[in-house]
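Read top to bottom, the protein sequences are chains A and B.
If you read the first sequence in full-length UniProt numbering, its first letter stands for residue 1, the second for the next number, and so on.
If you read the second sequence in full-length UniProt numbering, its first letter stands for residue 1, the second for the next number, and so on.
It is worth saying that the hints were derived from the structure and are not from the lab.
Careful, some of the hints might be misleading.
Claimed, not checked - Computed cross-link-like contacts, DSSO-like style, restricted to lysine-lysine with a CA-CA straight-line distance of at most 30 Å:
hint	chain 1	residue 1	chain 2	residue 2
1	A	Lys724	A	Lys646
2	A	Lys883	B	Lys454
3	B	Lys885	A	Lys204
4	A	Lys469	B	Lys883
5	B	Lys839	A	Lys556
6	B	Lys885	A	Lys739
7	B	Lys454	A	Lys823
Unchecked claim - Away from chain A, derived, C-beta distances all over 12 Å, residues of chain B:
hint	residue
8	Leu407
9	Gly750
10	His791
Here the structure is a predicted model, which means the values were calculated and not measured.
Even for Gly, the Cβ is constructed at its ideal location relative to N, Cα and C.
2 protein chains.
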Amino acid sequence: RAVMESSWAGCRRTSGGGAATSKQPTPNERYSPVPGTDKPVEIIDIKGIEDIGYVQQDSIVSDLPGSLGNTRCRHGLYFQDGQRRVDYVLTYPVKKPGSSRSRRHTSLLTDNAFARSLRRARGPAPAPGPRPSPEDPEAGSPGHGMDCHEDDKRSRREEFEGHLTDMGLELEKDEDTKTPGVGFVKIHAPWNILCREAEFMKLKMPTKKINTFIHKVTEPLHPNVEENRTQSLKHLSYPFSREKQHLFDLSDRDSFFDSKTRSSIVFEVLKRTKCTKAKYSMGKLMKFLMYEEWASYSVFYKYQPISLIRKYFGEKIGLYFAWLGVYTQMLIPASLVGVIVFLYGCVTVDDDIPSMEICDVRKNFTMCPLCDRVCSYWNLSSACATARASHLFDNPATVFFSIFMALWAAMFMEHWKRRQMRLNYEWDLTGFEEEEDHPRAEYEFRVLQKTLKKEHKSQKAEKEKLTCKDRFPAYMTNIVMMLLMIGVTFAIVFGVILYRISTKAALHMSSNPTTRSNVRLTVKATAAIINLVVILILDEVYGAVARWLTVLEVPKTDGSFEERLIFKTFILKFVNAFTPIIYIAFFRGRLGGRPGSYLYVFESYRMEECASGGCLMELCIQLSITMLGKQLIQNNLFEIGVPKLKKLIRYIKSKRASFQEEEREKRLQRYETDYFLEPYAGLTPEYMEMIIQFGFVTLFVASFPLAPLFALLNNIIEIRLDAKKFVAELRRPVAARAKDIGIWYNILRGVAKVAVIVNAFVISFTSDFIPRLVYQYMYSPDGSMHGFVNHTLSYFNVSHFQNGTQPIEPLYLGYQVEICRYKDYREPPWSSTPYEISKEFWTVLAVRLAFVIVFQNVVMWMSDIVDWLIPDIPKDISLQIHKEKILMVDLFMKEEQGKLHVLDSLVSAAAKEHGGRNSHSPLARSRSIPHTYSNNY
Amino acid sequence: RAVMESSWAGCRRTSGGGAATSKQPTPNERYSPVPGTDKPVEIIDIKGIEDIGYVQQDSIVSDLPGSLGNTRCRHGLYFQDGQRRVDYVLTYPVKKPGSSRSRRHTSLLTDNAFARSLRRARGPAPAPGPRPSPEDPEAGSPGHGMDCHEDDKRSRREEFEGHLTDMGLELEKDEDTKTPGVGFVKIHAPWNILCREAEFMKLKMPTKKINTFIHKVTEPLHPNVEENRTQSLKHLSYPFSREKQHLFDLSDRDSFFDSKTRSSIVFEVLKRTKCTKAKYSMGKLMKFLMYEEWASYSVFYKYQPISLIRKYFGEKIGLYFAWLGVYTQMLIPASLVGVIVFLYGCVTVDDDIPSMEICDVRKNFTMCPLCDRVCSYWNLSSACATARASHLFDNPATVFFSIFMALWAAMFMEHWKRRQMRLNYEWDLTGFEEEEDHPRAEYEFRVLQKTLKKEHKSQKAEKEKLTCKDRFPAYMTNIVMMLLMIGVTFAIVFGVILYRISTKAALHMSSNPTTRSNVRLTVKATAAIINLVVILILDEVYGAVARWLTVLEVPKTDGSFEERLIFKTFILKFVNAFTPIIYIAFFRGRLGGRPGSYLYVFESYRMEECASGGCLMELCIQLSITMLGKQLIQNNLFEIGVPKLKKLIRYIKSKRASFQEEEREKRLQRYETDYFLEPYAGLTPEYMEMIIQFGFVTLFVASFPLAPLFALLNNIIEIRLDAKKFVAELRRPVAARAKDIGIWYNILRGVAKVAVIVNAFVISFTSDFIPRLVYQYMYSPDGSMHGFVNHTLSYFNVSHFQNGTQPIEPLYLGYQVEICRYKDYREPPWSSTPYEISKEFWTVLAVRLAFVIVFQNVVMWMSDIVDWLIPDIPKDISLQIHKEKILMVDLFMKEEQGKLHVLDSLVSAAAKEHGGRNSHSPLARSRSIPHTYSNNY
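Start from the sequences and build out the full structure, keeping to the hints where you can.
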């Protein structure tokens, strides 16, 4: 059983109480226990996997490891009476006198004296520094007035527990555990509470079984979980209602609501009960199955057992893994096509006329020097290798591929919408509406502050809202900080550029010829690594900044907090990851000026130029280094290493404690051992990682067709890695219900939209596709590509060099150079307007821009058509929903006819027996209705 | 009471029956009438306007015209017993021997022998020509075997009526009416049927009243309908459930379900009952209020009484008028800004340097002739007026205005979404899900045909579906026909161009100088009128073609039929309306070639050129003629004239009949008089008209900033016109439930998206905005616009004219012309490449394309941000929903606690009295629960 950390912050009351360890008689003793069936715990837990009551139970029990049937486990899952199930566990810190660690802990947990609403387990980190509250002047000074606090807290706990028992929940305290400093309150929800809450939550519960479609073909791909055998039995579900209990199969009340449902019902009650903050826990035995069939690399080729994941972790996490699965699956065709495009480039590299011309030594294009003074003239044929390599990524197939990938993104969205709809149907969420959360503690605190201030002034006691005016400073800080952070990213990218320029210049000046020949490689490699490291570090910094900014904003609800946090984090991380790439794709080599009039940074460094094969090759290198490095380091180091390390630290810390380790290990309740796991911190990092990856896959796919393949390989590992993390490394999270993936879907759509534009620009501006096209159809004398290289190179008269920038070794190539060439469309020195931008430049630019317009609009409309052609709800699901509705109407009709029949016969019988006693007939009717209605109370 | 035309097509059974006029004893006699309260009918009807039971009724009754309280009305609204209300009326043709009119009518109504499903009132027109069905060989031959049919139909009717009484409905036949040839079946739904169906339909019914926000400020703008006083009382609603009847105020059962709800409940039952096609009717007294406060031009400045419209016509029509209202309201700011932009143009016309230069006689640009031979050289200053007029529509403000209008469109969408959400909340539709329709008769017929064919071959009796293969011919026909129709549109536009060219040439050659001077005007006016007439005619043709194509497709459900029909009609009508405009905006004047190398059509007619002020002026003229003409003619002629004419024809026809007119007028039941109204044909034409108008408002707004104003003026009339039509001219339509405006929203979004692109192109290509910008910042010697006109005109050496194209009168201007000018960016005759496209052309083109990209993306993202910033659900509504939910939970909790309390006291009392009689306690409990549960049966 996983236990979530909890603190008891609550109602402001300061009455004293008994000693910390004494168990007080709570009001729950007056509640009688539900007469539970006497089955071993494990059966009930395992039964949670299937829809209860319809599959043979014995076969599952025998599959289980034998060790799980002992009574110790049973003790941990039930109350002391062995009958009432533990549906939820709350923990709280118990003060040990003299233990400084526990004291510090306590003070940290108390300082939110106003925290009346429940903060979810995945909630925010504690606000930076304890915030003193007006009622609680000691809160800011730890070590002072501790006992007073301890008493205060206990009294609040008692009040809260009183509220809980008033709500009908049954509690059992367990402060005398083997874990020092932690007390546990086990909660049991009796049957009538479960029914009531299920009705409020409009939980859809199964009524009677009907058959759905079984896909026999994909059998070997499915994991070996019972789920698959039972999933073929889809139950007709109906929102639970106490008055309609006859519709549901209540033969086994203990298992009608599975453990996930029970705990989320209790969680619902806890949320409603004012003055707490709580965590919960539930069964863990599914874990064994999850280990075997999900959280293992050996099953990487199988589908995920999504229903099992959902049953154990709830819909929200289930949806994440389902989404990850769909994404990974969709990457398969994308990487296939990507590999084919790459292979096409490999095959056609020898037929590419421009690279042939570059490699042709006889053509002998004398190029202008790449840097001032130290560099000399060079032959274009020395760039042969780069030109050939560029062709791999810069051929007509990449145009096709980026159109394909834009449509792929649209298909992916549609596919996911359908899958989500199918899951909603299978998980009975079709009618469920996500409701607004309770306000967050920080928000209520701010509102209270404001109200108090107003009260002070105007003696009015109205409850205030936070207006735009109140929030204005926070909003301004947000905007300024966001811009500042983006500015920092830009500055760092610029810094790396400067590093590259200056290092290159320095190394060029070196007298060592080996150094000089390795200049390019050394500079590129170090710069890319610096970039990567900066991205990784800033990623962490930006995560913290975004959280801080969101806390400043004081959003009203947890949902709003999460959305704002995600949005900010996304913006910052996205800018961080893609700024260097965007620089290389669109700016590098375009700002350098021309020979004789170069652009200088700090008046000494010339801006860098691209290699002769175009900037596409460099873009490609940068992309692959960033993408691979980010994935490898973030996955391996951060996702595997850090949690392991944290666990080790916790373990060592607990070892330092006074009692014997072995003893503890043996006797600990399940919820006590799970207390040592890492708390669940939300799905945001997981989604964020995948969205950034989605960006790499779609945004610059025109320049790097292998991106989908790398993403695919990463994700196959990622799924199992996340699975392991969720099963083994983290405490079991609250089973949150969710219909969709929320803001992430919008972000995905946004990325896909941006991708279309970015790809249009990459193809038309970064690649040589358009200049080739223009040359072939407008300037080529014979309609072939021969002469293209010559056409793209302008002429420069070396006598026009600015003073001091001429090469030191003008005879480096062995001959006197009078005219050198450079890559640009400019007038030759002998024209009437020398070095002016030429007509060819404008022609090519117009065609490039026209291509962007055509590409963007064609792809956009094609995506819209894909969106429109594929229905959001799969046909079989909509048919099924329709059928279910008809069945339900039939059921109601039959029921009613039955009632009428019984009623008729009863009335006539009554008339015969006691002629004239009409006043009693309504009672006689209600008695005869086959209905469990009156049994609930 | 409006009555809808109906025909009884049904189960295929051919047993005989009694005479048409004899009233048969139906099974409904065994049902006892609901003990209705004895109020006059009108109160109940009027009460339907408000949410029943909470407002004072007497004040409303006194507001009513006195004539409405007589017993004749009561007779028409109730069964003969005067107690059971008529909730729905079915009509059917009764055969009169010897009456040819009725015979024809009968045969038409019979030929869909397979029509098992219900065709809604707004359903499609009868398929072109009676389709013979295999079982019904006589159907195709009218006048033969009529009596046999009559018997068959009656027996089917009887079976259907039997089904209805089995379902619990109560019927009363009325064949002996004063309307010859029409029989009526009045239907009453007893209370328990209403309850059962309301539960199936998950109708949300009011529970208890809570206050909502009243907008006092807008009071004078609201129509004087009771609605407003009562709308401030929003009732907490909950899906109706028989078990939870205690939640609802059932003190007056007769009025708990209002007449609209009652009729739609009956309609629901009719839909479920196999073998019919039906129409219905309901109260009409609201009509008086609607006339006064809605369907009158004198209240044009008021909001519409949307709730009243919805109560009378149902949600679907309510949504249309709400949408029309929002659209019209949103047009107010748009037309304001449009007028300001236009005025800005008027004010700045004298400061516009290019038009000053054109008007300056001293500049003396000698232009090349506009046509071969008969035209001569002309002075640019003669185009002064056009140039000045062009400035009104072609100034920098229009760029701002088209950005504004794109954002306006996005705002409009958002505003409508919010309004829709608010209406959904107010109308208690928040949980309602539109379900799939029953299959259409035509579809089932095709499926049956296929099944029979298969059966014949393989002896299998499985039910088939229509596969893609079955539909392939229809799909192919669709595509081919659609392309053909679009081709026809293009051909007609081309024809009009030819007309213009040839007429111009012919008139130019005329010797009459008056004719020649009026050439321009004459040709333009006639061409625009021809265009308009063609558009209007083709609009009607395309409507019919689209319907025919959709019938060919055999869509499965009515919903699918409607969507496909709308989509096709939209495409055709859109192309039809905008092709001539698109030609003028983007192609006219660009295909003409250059002097010395003109493009000729049919080797004799030169393509037309634009006037010297740019094509924008002509676009503007064409737009205003099309838009105004379409609106005026379609509104006045088609929407007012044609229905009036049809009504007249019906009236005259009925006068010809044998009975006395005055007699009929007096004694006719309300549903009988309404029989003479035009049937309701769906909202498609209304929406279509508005969407095309939306196209005019958004698509070319850059060239015609007054479009929103014209649209606004039209719509103010349009709302009241449609209102009149719905209230007075049409039979009352089925009150269809709908959550949204369906496919129209998507079409609106599509138009708004296209509008962004079209406007980007209009600004950059049709207007002179970009060339001016380029001149000012790249070519102007002093940074001003001086010299712009000279810069845009190229030079032509008149000696380079092709033989036979020189002007006949070269000395027309009074001097010898050697070099003439023409509007294009080409090299002068003295350059090395004479008449080649110049560098300026490419520069301007590149800037134009860049502008398109920037404009499109900026506007697109701004729209997205607007979309994202404005929440779809208004804040107050989401708060209200949240509050209601809390209230509902409270209510349940209190109820439960009350029950527990009563139970406790009862149990203890029982224990005291009859110590040990535990087995009876559940019954004792159920007796004590304050619940009307057992009273329903």
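Consistency of the hints with the structure:
For the proposed pair lysine 724 of chain A and lysine 646 of chain A, the alpha carbon gap of about 16 Å is at most 30 Å, so the pair holds. With a CA separation close to 26 Å, the supplied pair lysine 883 of chain A and lysine 454 of chain B stays within the 30 Å bound. Using a Cα cut-off of 30 Å, the hinted pair lysine 885 of chain B and lysine 204 of chain A holds, with the two alpha carbons roughly 18 Å apart. A threshold of 30 Å between alpha carbons decides the hint, and for lysine 469 of chain A with lysine 883 of chain B the separation of about 25 Å falls inside it, so the pair holds.
Among the hinted pairs, lysine 839 of chain B with lysine 556 of chain A is inconsistent with the structure: their alpha-carbon atoms are about 59 Å apart, more than 30 Å. As the CA atoms of lysine 885 of chain B and lysine 739 of chain A are separated by approximately 19 Å, the hinted pair is consistent with the 30 Å bound. In summary, the hint linking lysine 454 of chain B to lysine 823 of chain A is not supported, as the alpha carbons are separated by about 71 Å, beyond the 30 Å threshold. The non-interface label for leucine 407 of chain B is consistent with chain A: the shortest C-beta to C-beta separation is roughly 18 Å, beyond 12 Å.
For glycine 750 of chain B, the shortest C-beta to C-beta distance to chain A comes to about 8 Å, within the 12 Å cut-off, and the non-interface label is violated. The Cβ of histidine 791 of chain B lies farther than 12 Å from every Cβ of chain A, with a closest approach of about 16 Å, so its non-interface assignment holds.
Of the numbered hints given earlier, the model fails hints 5, 7, 9; all others are met.
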